[in-house]
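S.K.: Chains as they are written, first to last, in UniProt numbering: chain A, 1 to 483; chain B, 1 to 94.
Rather than coming from a laboratory, the hints here were simulated on the basis of the structure.
Just to be clear, a hint being listed does not mean it is correct.
[Unchecked claim] In silico lysine to aspartate or glutamate, EDC-like type, Cα no more than 20 Å apart, as pairs:
hint	chain 1	residue 1	chain 2	residue 2
1	B	Lys63	A	Asp101
2	B	Lys46	A	Asp448
3	B	Lys44	A	Asp178
4	B	Lys40	A	Asp448
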Amino acid sequence: MVECQHLTEIFSNNSKKDEFLTVYYSTKSTLSRTSVQDKLRYTMICSECHQLNNGTSFLCIQCGNCGCWNGSHSMNHYKSTNHPFGVNSLNGLLYCFHCNDYVFVEELLLTPKIQKYWNRISNETSIPTLTQAHGLKGLVNMGSTCYMSSILQCLMHNPLFVDLSMKGVHYNYCKIQDPMKCMSCAIDNIISETYGNKKTTPNEGLVDILNCSWRVNKNLAGYTQQDAHEFLQFILNQMHNDYKLNEIHDTNKQEMNGTDFKTMVNGNSSKEHLHLCNCLPHTIFQGFLKSIISCSECKAQSQTTIDPYMDLSLDVKGKSTLYECLESFHRTERLHDFTYNCKKCNKSQDANRQLSILKLAPIMVIQLKRFEHLITGSSVKINDFVEFPLHLNMKSFCTAPTPDTDPTNLNEKTNKSTPDMIYELTGIVTHRGTVNEGHYITYTKTADGVWYQFNDSVVMKVPLEQMLKEQAYLLIYTIRQFN
Amino acid sequence: MSNEVNIREQIQNYLIESGNYENISNKLTQRLIEDGWVDKMKIKIKQEIMSNKEIKYNELLNKMEPEGHNLLNEQIKNEIINEIQAILDEIIEQ
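So here's chain A without its partners, still in its complex pose (with noise of 0.2 Å):
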């Protein structure tokens, strides 16, 4: 992106560069506003030669002439019009035909309504810097806090987790307003510490956290190290309690969430209303189990039942890539010490479990079970490399909402009503060491693809290759795409 001067001429004159500015915004939010159906009727076909898509679609800020790139219509257009600014109907970045090139000034990124501000925001805010934007900030260890820190910064660089937090979802409800007191809003605190330009004592976002979790748990006052996982998980759950104490506002909301599953009991169908709270959390990670108990000579179905999860724990034993973990979850197993008895058999049968996802959220977090704990009482680390791959396609480890009546087929039926569900790996927490001492590390992906360790203080850019060899603990996957 570069600086245009025909932009620059425009916004010296106060009318024109508001008369401009209304048409950009008015485009961008009828842009946003468009659904896909209809962006292919109208913004995407060329007002000269009617293709459809003919590679990217301009829009002209001045007269509203759609020209198509590889037909060349919006360069002509420009050529016999003399309008420079197109705006592209697919991302709403501008394009000048004169330059040829996108181009860029801080009004763009704004809308009317802060538009209005724009003094005030000029003088009281910055552009961040590329560390700041991109979060890139250690966090000091305070004693055996890389525990914390490890999942501190896979929050942090969470982009769905760090939007709602800047949005104030939070902090326009909580009651408490204190980050010495209250999770949620030091978990505010430590964003905009990392991201911003907030002038704090050193390391006041790990210390209110710091404080706040030893409120609730004595353990988790530093001194010794503890589990990551348990420790997101704890997390979490204070979010979801913050959330609730300020929830009264949001009644109405989690009527209308909840949703319906039939559900397959004893052989009658019975509607249960799973009620989805729309706290932060469970927004982002809750997704559901089902588990189906069926008789292993008639394969009639008889128990299911459902379970919401926030992350799946994976055993890795005498497994080598994450696929194999997700099929041994999901593969149907005898049980030897269950009685069941089939109705249809008429008699004591073994009995057949599966596990499969029922919904799926939008960041799923797997946990690989690294740690055995055995009947002696002691526990042994598993340190076997499991290998797992960039993108994630969850399709077969799903099932379709409402099973069809005969269970024999259920595999094959519901590979086909299943779409494609592409995770993208976005983090990884590594576990160095042994059962009682050990130090997390973490790998996370910023927006623009790059990765980076974040080691305690230390965050370093580290090479793709050397993250995929590492021994990874927990995995953070993003929802990419779903069709």
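Position chain B against the provided structure of chain A, taking the given hints into account.
M.R.: Relative to the frame of chain A, chain B by itself:
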């Protein structure tokens, strides 16, 4: 000549209204993501910009478009072309 254009417009409209255009477009995007093509292209483009910071968009596009075609997995291309073919076969009389 104008008959050809007319038919193409009809086909285009059909693909849009039936939802097929969107479906195939999504499928293509998904395959390209899964294959790693999108990530590879991003890296290439970034490298190009890093080595030539003054480069303009249209120059960049002209340079990178052929690379994109080269990196494309033949299998994906054939799969999508076959899908389009199947849909067209249904609606066009030979």
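S.K.: Work down the list of hints and note, for each, if the structure agrees.
M.R.: Hint check results:
Note on Lys63 of chain B and Asp101 of chain A: the hinted pairing holds, with a Cα-Cα distance of about 14 Å set against a maximum of 20 Å. For a cut-off of 20 Å, the pair hint linking Lys46 of chain B to Asp448 of chain A stands: about 10 Å separates their Cα positions. For the proposed pair Lys44 of chain B and Asp178 of chain A, the alpha carbon gap of about 46 Å is over 20 Å, so the pair is violated. Between Lys40 of chain B and Asp448 of chain A the alpha-carbon distance is near 13 Å, which keeps this suggested pair within the 20 Å criterion.
Hint 3 alone, counting from the list given before, is not met by this structure.
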